[in-house]
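K.L.:
Residue numbers (the numbering used here), protein chains in the order written: chain A, 1 to 115; chain B, 1001 to 1512; chain C, 2001 to 2108.
Just to be clear, a hint being listed does not mean it is correct.
[Unchecked claim] EDC-like mimics (lysine to aspartate or glutamate), calculated; alpha carbons at most 20 Å apart, straight line:
{"hint": "1", "chain 1": "B", "residue 1": "Lys-1496", "chain 2": "C", "residue 2": "Glu-2007"}
{"hint": "2", "chain 1": "B", "residue 1": "Lys-1496", "chain 2": "B", "residue 2": "Asp-1279"}
{"hint": "3", "chain 1": "B", "residue 1": "Lys-1496", "chain 2": "B", "residue 2": "Glu-1484"}
{"hint": "4", "chain 1": "A", "residue 1": "Lys-29", "chain 2": "C", "residue 2": "Asp-2088"}
{"hint": "5", "chain 1": "A", "residue 1": "Lys-109", "chain 2": "C", "residue 2": "Glu-2007"}
{"hint": "6", "chain 1": "A", "residue 1": "Lys-35", "chain 2": "C", "residue 2": "Glu-2007"}
I should point out that these hints are in silico values taken from the structure, not numbers from a laboratory. Owing to the predicted nature of the structure, the values given are computational and were not obtained by experimental measurement.
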Amino acid sequence: MIGNTPFVVCMILVALGLWALLSRRNLIKIVIGIKIIENGVNLFLVATGYVQDGIVPIYTYAPPDATMVLPTPQALTLTSIVIGLATTALMLAFAVVIHRHKKTLDGRKVTELSG
Amino acid sequence: MNLAAHAPILAIAVPLLGGFALPLWGKIHPSLRNLWLALVASLTAALTGFVAVQVLTTGVQVYTLGASSPGETLSPGGFPIRIVLTVDALSAFMGAIATLLAVVAFTYAWRYLEEEEGKTLALTLGTLLWAGMLGMAFTGDLFNLFVFFEVTSIAACGLIGYRTWTSRGPEAAFKTMVMYTVGGLFVLLAIALLYGEYGALNLAYLARLIQGTTVDRIALGLLLGGFLMKVGAVPLHMWAPDAYGEAPAQAVILLVANTQTSLYALFRILFTLYGGVADPAIGWLVVGLGMLTLVVAALMAVVQMDLGRLVAFGAVSQIGYMLLGVGVGLTVISSQPAFGLVAIQGGIFHMLNDAVAIGLLFLAVGAVEKATGNRDLGNLGGLGHDLGWTTGFFLVGSLALAGIPPLNGFASKLMIYESSFALSPILAALAILASILLLAVFVRAFQGAFLGPRLASPKPVPTAMLVAMGVLALGVLALGLFPELVVRHLVEPAAKALWEGREAYLRAVLGG
Amino acid sequence: MTLLTGEGYWSPLLWLAAAAGVVLLSLLIWSRGRKGYNRATEQDLPFLSGEKREGVHVGGGHLYWGFVEGLRPYVERLRLVHSGFVGDYVAWLVVMLAVVFLIVLLGG
């Protein structure tokens, strides 16, 4: 029995990522914070599909009347990972361009747009 | 094959695939690319229009992906296992707004963007954003809502930061992307919670199951957080002036449409998904945020010296009116349905009016920037001598937005004032105060930029840009002079779809 | 052609008719005014603070100066909130989420 431990761990990851977003000023570290939140959420998704003593949900390999874990969350997680790749790549690309213009990655100094 | 039944998915697929084909055509010749874009855009517009007509004449349309027939939403076990598109009157209304703004944006972009600035890629991103918006409007599935949410986020941020040779564009894009991604992750977390509890992702199926347990409430909180961020409700609006101010003008009006699509998704969640456990406290939360958005954004607009940023704060403030109208509706609809319906109608009618009027203003600002290379109110002046049409369009847009009769903003604002007055007179007073502030802001901007003696000699504005602005200006006038027709034929069905039509929405997917 | 707005109604065409009446009335009053105005003479020049100057433009920053100055104490506080740092934006998101949770969990 593992109970709710996976969910708690995922929430801790999300909280850690948020803390990174709030406490770090470096733009790259902010992106890393977002990645940590994202991993927490993805793990949460996978964890929702867990079934006690379940096996991989591939019908052709499964013994008859076997318990399988839910396949949908895994498909969702895969989609979400791909989306995460796109957003991360875009954010890092913008960070590079910002650095090229301003020669700094300190978020407190990248505030041309304010007020 | 019955093509008509496939119209909802085709409306999403055509711009998605057509958009990715644009760079290929661009490699051969720019004029081929333009031709292809015109083809894709007109086909998508026709499909969206067709779906809207179908919905308004025959009721909610469903489309099941991968089923042997599009109407077969349920698997043999009576469970909606496939991805379902569900288009009701509100979705169709939202799709129509997105399509109108997208077509205008592409007309404008034809001469606004320069070939050497990477026009092909900007057009591609614009088409993808359009596809994402239609997807958000038409989907009947929570996870697809998240996917299209992210599609629009990525395309929108690509457009915001598209001028990489300036330092401001990428900065705005980075901030917006961070906000969009964090908001999107909250939405995904909420979807995971709902999936974990009910084992389903279909909106209609979940709507029938939701009991208002603690997990449901946490999921609602996360969904509200994510979508309120993308809508740009104060205090989550801070990305919006950055993004609206720095994106190229044709992208800004797509961003406006994107914001409104997110507003649509918010309403869909509040009314359709959580309508069974509707709670006046949440209505008051939406009303409160609407008021805050109205007043704070209007105040911030007063001191802006950059024309683009000034109009951007005006755009944020308009979101407040929609939140106010629909929030009042959500608060009272279970006790007084007739009163609630008028409030929701006001909010939804204002979505269309705002899309047209603020779109016109942003396009006029883009024309000023293109003609003079300058947007600082301290340096502009006397543009009315040379840019006659643009001056007229800016005036029409700003008066409409400030709610001056007989232009379109007045009709919807009147509905919102009256319904919020019935809930609490303070709300109506503050809403009118914000309108007055906005009028002052726009008079100031108009006088500063367009009146006075000639200070510089601007370049003429290309005809395609004037045509795009003219379409929206005509829209402002038509919506202002014939509000009753629009409300009766488009807005009322859309408003009814939220509350009275909820059962029809569920039945269209689940049967019975 | 009348839009019902809950308690009242709104008819743009009626409004236009009324507006036309008002315009006619004001034209009538205007036509009875003094006839001594000549274009392109000294009377055309703007009169600003006792100084006669040609080509004066009241820029966007100066219009409604008193109005803006009166609002400035409130707006300056708001401007400080718009710090432009992305971490602050996220902090507001977290604050907002806390408020939403309070209302959603305790509201009903």
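K.L.:
Look at each hint and say if it fits the structure.
P.N.:
Evaluation of the provided hints:
1. B:Lys-1496 x C:Glu-2007: Holds - the C-alpha atoms of C:Glu-2007 and B:Lys-1496 are around 19 Å apart, at most 20 Å.
2. B:Lys-1496 x B:Asp-1279: At roughly 19 Å apart (the allowed maximum being 20 Å), B:Asp-1279 and B:Lys-1496 satisfy the hint.
3. B:Lys-1496 x B:Glu-1484: holds (16 Å)
4. A:Lys-29 x C:Asp-2088: holds (15 Å)
5. A:Lys-109 x C:Glu-2007: violated (53 Å)
6. A:Lys-35 x C:Glu-2007: violated (52 Å)
Against the hints set out earlier in the document, violations occur for numbers 5, 6.
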